Structure formats: C-alpha cells, structure tokens
Amino acid sequence: MKIKLGKIIVVLASLTLAACGDTSSVDTINFMVYSPATQESINALKQLIASYSTSSGVKVNLITVEKENYDETFRSAVRNGKFKPDLAYIDQPLIATYAQDNIIVPVLDYIAEWDDIELSDFNQEVLSTNEYQGALYGLPLNMTASVLFYNRDLVNDANVPTTWEQWKNFSVPSQKALFEGIGVGGFAGWYFQAFAKNAGGDIYNSETNQATFNTFQCREAAQFLKDIYRNDTDYLIHSSSNPFLNGDCLFKIGSSFDIGNILKQKPQFNLGVALMPSQSGEEHYSVMGGENLVITNVSKNKDKAADLLHFLLQEENNSLLSSFTGNFPAITEYAQTEDARLQIVLDQLEYVVARPVVPNWIKINDNYLGKAIEDILDYETNRDITDALSWAEQAANTLLG
Amino acid sequence: MRYSANKTKSTILGWSFLIPLILYLVVFLILPIIISFFYSLTNWNGIGESYTFVGIKNYIQVLTNRILYPDFWESIWTTIKYALFSIPLSVILTLLVASILNSKIKGEKFFKTCFYIPSVTAGVAVSAIWIFLLDPTYGVVGFLNTTFDWQLNILGSEKTALPALAFISVWGGLGYNVLILLSSMKNINSQLYEACEIDGGGTISKFFHVTLPSVLPTLFFLITTSTIGAFQTFDQMYLMTGGGKGTTTIMFEIYKLYMNEYEVGTACAMSYILFLIIAFVLAIQFKLLPQSGGTSVFSRKEKYAKRCMRELQQEAH
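Top line first, the protein sequences correspond to chains A and B.
So for the first sequence, the working numbering puts the first residue at 1; every next one is plus one.
So for the second sequence, the working numbering puts the first residue at 402; every next one is plus one.
Calculated directly from the structure, the hints in this document are not laboratory data.
No experiment lies behind these values; they were computed from the predicted model shown.
DSS-like mimics (lysine-lysine), calculated; alpha carbons at most 27 Å apart, straight line: (1) K560(B) - K176(A); (2) K82(A) - K300(A); (3) K458(B) - K363(A); (4) K226(A) - K560(B); (5) K482(B) - K688(B).
With the rest of the complex left out, here is chain A (with noise of 0.2 Å):
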C-alpha cells in the first residue's frame, strides 16, 4: 500500500512539475494575440492558424487574451508562464519598454530572408514605432488614424470644418455641445498630439529625448480645444455617457475601429467621417493607433516565430487579421477599402505622427500631458494653460532625462 501510495505521489508531482515546465519543443510556437470581438473572428483566426500548421507542419499554440488584460497577461507569460509566447501583438508605445528589458528582440535579420515582403512595404511612420535605438524589434500588423466623427443630422456635409476657425465658429443648435472631447489621462494626452502638430508645434523634439508640451504651438493647441470644448451649456453633455452616440454632441474624434462599434451600437446612426481640421487648412495631422509584431527573447524557435510572422503578413492574411480589430493592414498596398466612411480614415493615415519611441511613454503621456489636458478642459479645476504644460513638460523630462 505504502509503495502504491509513493508511486502515485512520485507520478502526480512529476506530472505537475512537467505541466509547469516549459511547454515549447522544436515544433510548436505560442502566439499571444487580441482575443478578437465576436465568435465568428475567433473561429477565423483559429482556421488562419490551423492553415499555417498543416502548410508549415509547425504545430501553433493560439493563447488568445482580452485587450483589456493583454499587457498584464503578457509580461507574467513571458516571465513564468506555462506558454511563453514565441510571437506576439504589442501595443504601439510598449515598444521601447520590452525592446530595453530585452524581452523582445531585433527582426531585421529574419525579415532579410524574406523575398516578397519588404521594409519600404509598410507605412514609413506606422513602421517608425518599432525602431528603438537603431533596431528594428517588431513589424506592423495593422494601423489606423484618428479622424473627425460628425453627427449628420445636425451637420451638413458642405458645411464640415476643415480649418480651426471655422470649427471653433461654427453654428451649434441649442441644447447640443460643439465637441465630445479628447477624453481623459491617456486618451487626452494621445489625441491632443494630433492638436500640437496641427499647430505647426509637436510634443517632443526630433531626437526624441525631450518633452515640448509647453511650446507656443501646444499652447495654442490647447486654447484651442479649450475653445470648442469649454462651453458652460455643455457642462452636463460632457459629463454624460456617449454624448456623441446620444446625439447630443456635434463632433467627437474616433478612429477606424470606432465607426464599425458605433454603427453596431446604433445601427441608423448618421455618421460622418471626416479629416482633422487644422489650423492652416493645409496638412491635417492626426495620431496614429495598431498593433506590432514582436518575437520575443524567451522563445526557443525564433526561426519558426519568424516564419509565422511572414505568412501572417502576406495580404489575404493581414487583411484578415486587421480585419478583427476594425484597423487597416500596415502594408500600404494591402490597405484598401471600398467603404466611403473608411477611405477618409485612409486618407487620413498619409498625415499620421507616431507616438515617440521612448520607455515609460505611456507615464508621461497619461500621467503629465494626459493629466494637464484634463485640467485645463475641466470646469471645476480650469487651470491655466502655461502652468499645465510647463508642469507637465518638466514633469516629463524628469523622466527622459
């Protein structure tokens, strides 16, 4: 009874121990993505994934995780984790952080095996987020702009702005707000970039080692959206939910992925969709969003990642997986779209300004620039603008310096 027992304890924890141990073996990759939105994407990214593995004879671990929970589930992955993701999607700003810790590494010399896919291939500025320190550590999967939602009941087509002023004039129907917002924290400090370029100013300078939120440009920038935002009738429009969606507001900002939950959320909602409005009328910038491509450190098959990567990069699959997301495939060629509303947005991504390549980004920008853009629209706390920015420019540079 006694042996029984010992080989039964010796078999359970030798079970254990195999099950916490590393699961990669020569021939399987995990892949951590986005869970996508709806049964019917799931099912597509699973049969995509099946494909590669009957093609590649690669046997592919799909770990797919809630965006909401990705980062966080990703760093204990990497760490301990019983699947440790070979490839993987990362979000933008995330770059620099895994890139400096060494969690992801450089691709350039996987990518220069390929013959079909090529670095001028993809959008120059949506590529630019994946270069830290002279490195290439991941490719574009997908990308989208920010562009200006406009209510059509309540705007004519021939009347939408195209320049500050006629925004900031532009005739509000009683009971309606002129804009949504920018959000708050990170939102606020992701869009008002979009703002500052449209100034002629930007948010950092070109060697990327120091903030420039309190610019003559930026303060204009945020006078401006001061302007179309702060208007004491619309106190309690900007405090209630989805303000746009309700037909309360005129104008909000939204991106690619917006139009299609918008028109899911509200089926005969008439939306508009139209470039930024910039201050001159000429180049109307806005920011960029989409998820990159990394191969991480910890994978023992980084040849066979690359490998997924590539198929995962050619058109009818990048189109498909892009797809999920509501974002356009990074690939120039393959970003196209019949849909009127999605052209604009197109269109819009010839004007993009990446987010600057730099660890802790996502602290300076919800933390300082997010934070001061919040204080300087709200009602109650109406701080001064050149108090704001300058708080958060030194603030910033604190931690890029």
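Once you've looked at the hints, dock chain B against the given chain A.
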C-alpha cells in the same frame, strides 16, 4: 505501545487536515507578503529579469517626489475623505435599519432580502445601474435636471463624486452589515428590555441602554472591517469615474503604478505604506472605541435586571 501508535495516528490525521490550510496560508498569504516586501526594495518593473536592490529609495520617492508621484498625497487625502464619509454613514444606517428590522415589523424577511440584494449583485452591474441613474442628461438625475431646470452633475463634479461613490458603496454593503448586526441584536436577553421597561425606559432609552451596549462588540467588528474596506476601496472608482473628479484613492494609484506604468517596486512600496496607514488607524480605533459592552454595561444591566426580578419575586411572596 498501543497508546503511542494511536497518538501518532491521530497526530498524522490532525496534520493531514491542517496541511491544506497551512499550504494555503503560506502560498497565498505569507509568501506574497514577503515577496512584495522584497520587491518594494527593488526597482523591478515586472517585465525584465534583472532588477537592482534600491533599499528604501522607493518609499522615500513615493513620500517626497511630487514630480514622479504627483498624485500620491492627494490620493491619501481622497482615501481619508472617503473613509470619513463612508464609515460613519455605514454604521449609522446599519444601526438604524437593523433596529427597525429588530422591532418585529411586518415583512421582516422581505426587507432583509431587499437590503441584502445589492450584496449579492455583481459590482459591475451595480455600477452600471448607478451610472445610468446619475447620468445628468438621461437618468433620474437627468430627469430632475430637465424637469426643474437644475444643473445636478453628481459624478461629474469634484464636490459630489466622492460622496456619491461612498454612498453607493455603503448602500452595497448595507445588507451584509445589517444581517450581522441583526443576528447580534436577536441574541440580546429579553429580560434586559423588560427591566428597562420596568425602569420606565421607552424605545429610545431601550436602544441606548440595552441594544447599543449589547451589540458593541459586533459594532466594533463592523467598524473595523468597514475601515479596512474603505482604505482599500477601488472598484467603484475604477468602474464609475475612472479615478477622475477627485476620486483617485490610494488603491487606484497603486493599480495605475503596477498595471499601467510597470513600477512594481514602487507599487509594492505604496502598498506597504497603505498597510501602515491602516494599521495606524486600527490601532487608534482599538484604543479609543469601546470594544465590548458585555463586560461593563451589558453585565451591569444584566445584574440590575436580575436584582429587579428577585425583588419582584420577593414582593410576590
């Protein structure tokens, strides 16, 4: 020999029952406490394999660096304000509702169920309902604003957002607190009430001289758990205001540091600072608040009641 074998067998049996609990305590409580304290002394970002031992630098930075951690002191103050609002409100409402339910009203079970429903409802669902109710343009508040031309903006104003969240939290936990207190009230010796009545005491007198002293230990337990809960509050802020409008509590700050900014070391240091704050507040509570009515007021009343009964019996003879 046989006794010794039996003793060994029962010892093994005893340990076999204890081991799962001991393992649970070690793996899920003691080890994380030790590990997080160790991390609080490092600059680990939760990603890389390497980290540097920085001593108490994280603690000093959190307490003194207003540029890197501009919201720390503000979040402490917000948490204190939240606690000052929610704890007394919770205690008063719990006492009130439990006393009413204890007064043998009709439909006691129905009301108990009603009060307990929020405690068994998912926090996200509760938050979604309150967000709708408090929406300044569409919910109940929106209706009031439109009807009376008011400008109520409860979750959108710094003056009202935090008290509103505290109220919602108190409302959510009321059912549980009431059940605990009510069960304590049900155990009060009815002779004490009779004695109080003989003394000419009315409802209020009975409440202050019998009910309150008798439930003091339970009340102290509720105050203690409410205090810990208030200092660790997070979910309402996360779900309803996203930490905006002056509702960033210390737990929310820790969450942001850990999850969004990859400062695991600093987040752990902040957690230990929170632990010290809670320990300090609880120590004050243990010192100042009466913890038992049983040994002083309760037993005095009981003795008094017994004496009254004896006198009555003697008179009857």
